[in-house]
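Below are the chains, spelled out letter by letter.
Protein chains: 2
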Amino acid sequence: MPTVEDVLERVIELVEPSEEEKKKLSEIASALLEVCRRKFCNIEGFVEASVEGSAAKDTWLRSKPEIDVFIHFSPTTSREAMEKVIIELGAEAVQEMGGRSRLRYAEHPYVEGFMDNITVNIVGCYKVSAGKWISAVDRTPHHTRYVVSKLTPRLRREVRLLKGFLTGTETYGAEIRVGGFSGYLSELLIIHFGGFLELLKSASGWRPPVVIDIEQRLSRREALALFTNSPLIVVDPVDKNRNVASAVTLTKLSEFILASKIFLESPSISFFTGGFTQKPNSLESLAENRELFVIMFRIDEYVPPDVIWGELRRSAAGIKKRLELAGFNVYNYGIDEREGSIVLAFELDKINLPSRFVHRGPPVWMRDAIRFVEKHLSSPDTVAGPWIEGERLYVLKKREETSVDVLLKRWISQGEVSISRQLNEAFSSSKMVAGWREVINMLGSGIHASFLARFLSSRPAFMEAFGRKEQA
Amino acid sequence: MPTVEDVLERVIELVEPSEEEKKKLSEIASALLEVCRRKFCNIEGFVEASVEGSAAKDTWLRSKPEIDVFIHFSPTTSREAMEKVIIELGAEAVQEMGGRSRLRYAEHPYVEGFMDNITVNIVGCYKVSAGKWISAVDRTPHHTRYVVSKLTPRLRREVRLLKGFLTGTETYGAEIRVGGFSGYLSELLIIHFGGFLELLKSASGWRPPVVIDIEQRLSRREALALFTNSPLIVVDPVDKNRNVASAVTLTKLSEFILASKIFLESPSISFFTGGFTQKPNSLESLAENRELFVIMFRIDEYVPPDVIWGELRRSAAGIKKRLELAGFNVYNYGIDEREGSIVLAFELDKINLPSRFVHRGPPVWMRDAIRFVEKHLSSPDTVAGPWIEGERLYVLKKREETSVDVLLKRWISQGEVSISRQLNEAFSSSKMVAGWREVINMLGSGIHASFLARFLSSRPAFMEAFGRKEQA
Chain F
1 MPTVEDVLER VIELVEPSEE EKKKLSEIAS ALLEVCRRKF CNIEGFVEAS VEGSAAKDTW
61 LRSKPEIDVF IHFSPTTSRE AMEKVIIELG AEAVQEMGGR SRLRYAEHPY VEGFMDNITV
121 NIVGCYKVSA GKWISAVDRT PHHTRYVVSK LTPRLRREVR LLKGFLTGTE TYGAEIRVGG
181 FSGYLSELLI IHFGGFLELL KSASGWRPPV VIDIEQRLSR REALALFTNS PLIVVDPVDK
241 NRNVASAVTL TKLSEFILAS KIFLESPSIS FFTGGFTQKP NSLESLAENR ELFVIMFRID
301 EYVPPDVIWG ELRRSAAGIK KRLELAGFNV YNYGIDEREG SIVLAFELDK INLPSRFVHR
361 GPPVWMRDAI RFVEKHLSSP DTVAGPWIEG ERLYVLKKRE ETSVDVLLKR WISQGEVSIS
421 RQLNEAFSSS KMVAGWREVI NMLGSGIHAS FLARFLSSRP AFMEAFGRKE QA
Chain X
1 MPTVEDVLER VIELVEPSEE EKKKLSEIAS ALLEVCRRKF CNIEGFVEAS VEGSAAKDTW
61 LRSKPEIDVF IHFSPTTSRE AMEKVIIELG AEAVQEMGGR SRLRYAEHPY VEGFMDNITV
121 NIVGCYKVSA GKWISAVDRT PHHTRYVVSK LTPRLRREVR LLKGFLTGTE TYGAEIRVGG
181 FSGYLSELLI IHFGGFLELL KSASGWRPPV VIDIEQRLSR REALALFTNS PLIVVDPVDK
241 NRNVASAVTL TKLSEFILAS KIFLESPSIS FFTGGFTQKP NSLESLAENR ELFVIMFRID
301 EYVPPDVIWG ELRRSAAGIK KRLELAGFNV YNYGIDEREG SIVLAFELDK INLPSRFVHR
361 GPPVWMRDAI RFVEKHLSSP DTVAGPWIEG ERLYVLKKRE ETSVDVLLKR WISQGEVSIS
421 RQLNEAFSSS KMVAGWREVI NMLGSGIHAS FLARFLSSRP AFMEAFGRKE QA
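Chains F and X, in that order, are what the protein sequence lines are. Numbering-wise, the first sequence is residues 1 to 472 according to my numbering. Numbering-wise, the second sequence is residues 1 to 472 according to my numbering.
Derived by calculation from the structure, the hints in this document are not laboratory data. These figures come from a predicted structure and were not determined experimentally. Built from N, CA and C at the ideal position, the CB exists for glycine as well. It cannot be assumed that every hint is accurate.
[As the list claims (entries may be wrong)] Which chain X residues face chain F? A few, computed with CB under 8 Å, are given here:
1. SER355
2. VAL358
3. PRO386
4. ARG459
5. PRO460
6. PHE466
Given these sequences and hints, build the entire structure.
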């Protein structure tokens, strides 16, 4: 088994850009900044343009070169005016640099561009002092300043190791789809713990909720009271009322804790490269006899990923709840989104309900007890009873419809499932398929095949690696 | 539809013995009493012999002629001595009367005899004043005196109607097998309410717990405090610390309440005759596709019915609990005992567990989390995972054995089922059969066939009658 040092030495090659790559990114950043300054200098409210994010902090991953250019406006500028010029001039700037651009939405719209394999973002913000935030991204320049003031060349390397580890273990990214660690959070963790291994050693002993406050602005108790229900609390050094880790879910934090434990015990480069390789030949044997149920539909208009993923998550939870109310046991479920095609996959204890069920009636002393008896005695779907147990009437009924796909469709059409209103139409007209063969037929090849393989394996990438090592 | 009066007029024929029958019972009772007095008069401690029970009170049902002869001993007599002479001389007395006798056990042994289609019981008791009870049956002569002092010819008729109704609705009998109304309780209810219909009208409005105190010795609050968990409390007029209805289960009381409601709304003679007729031809269609499971064994030595039924009830409840712990849903179960052959029948949601199940592991922050991962990654019965949800690890496992009969046998042998210790051996070597065809093959003909038909119908006799009326 390689030592941790062996592994990190190999990994650094993967995560640290070469001098040449750094030079190239730096040149493109300067050029883009120049173009932006020229474009925006005559716009009312424009204050300055700056490079932010991983490019400014020199913490970008070799595999993910990215440049964020922020256009700062005075606080008196209207949001509409700012958005309008960002959309127009941002796109022009990207085009002038020879890139392709497209419009994206987060809290407000921004321009995303691609050039020379580099992703660039042109974002508008307000130039404000700490605490006077107007829009959600106004803190970013303050974050950049803070991180730059704390990082050393060694710590930059450690940040890149951490980002590589988070990427490989699929815990990187604050978007709702992931619910993991943002770049800024990674940098703060390295600053706080002084290094990658130091962080992992600490994390392998964490028990949520975990509170980290680099600048010691809050007591643990204050932090827990302020950020209730956050499994990981990292107080923002530039704003003590903000939890930098607010996007981190308990599941992702737990995956990080476990990945840290396993890596320290059994270090491997696959924690950084992602250990999972799809084995399409074995899909059938993986799925055999499992009680699978899949919902599939398309969303063709553009919806910001955080919006769509929030709705998908809530809807999947609502479906799980309704299925369990009906007597299905939901073992596991997963969501996939590729090019507007959505899949929700469920593994159940069964895809058909029992053909009989006990219907609980009123206590005998209730006025309507005798009506219950009459009704069910003469009903053709009564199998047995009514009988009395304790003070209450029961009757065994035949269930006409038992299959999960038909039942769920019906419940959705009757408004009995808590799904996001925006997706109601999509779910109503969705394709629902139950049975492992049917699911493989539908998803076994095509854009969702890799998701299906991972759903059937239900194993974080870093564990696959651990497993293979164990067997070797 | 006949009126209540029509029905009762016809019923009285069934429940009231003819003058001739009464005369015959009375003569046999006198003769038996005479024989007993002669047999016991020289025995040390003997005080007197008396006729008790329904014969003494003239409340016996035409279909159930029965004579209880009580042999009273002085309180100084030892229990062993009393039991010994009852066993010996009681049997001699029955034989002298030309009857067959056998030994039975309740709290202490007594002699049961059969002659001229009449059942006789010869029972030993202590001659004590009220409140000085030594054995469980010492109150009986006091009960007889109380009831005789209160009954009129009209009330005797009403008692017989009630006993007929209780018999027909299967709520008659204080033995554990039934958990219903004793003869003495029936008499007290008629005395209290002044008639059969008056009782039924009251009962149809009962909501348990129900407190009845003829002599007004206790407040409702005192009675509820004294007889906690009794759904029906009828304070014994000869002993205010005793609940005459202590044997009545909530289920039987509820059946009585519902039967009262239905009878008053839809009177029919079948409430007195028992409406249920087995339809052996339709057993198959009744059982089809139902998830049935049966346990069958023999008990060949004599065990008092209350003992065996208590053990069977507790064991069935223990089995239900274990099955539900494993994920079976027990819809209903029933117990039958015929000539030493015991059957426990269960209707389930399924007779096989799902072939996969989710095994819940430790939270990731626990020391053994990594061992859990290692163990299940390398285990051949791991289907998927481990994965993390919230702070916890889960893994999907294959279940090698899924059928209820094999599983239950295993759990019993491993001591995981709360069954009566006396029956442990019987259950361990019992025959267990799952599947509706298999169950019909085993029980569809033979001594348990009628039980099986009733279990599959799961409908009190009085409801069958109601149902047929509804359909007519």
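(message) Name the hints, by number, that the structure is in violation of.
(response) Nothing - there is no hint that the structure violates, so all of them hold.
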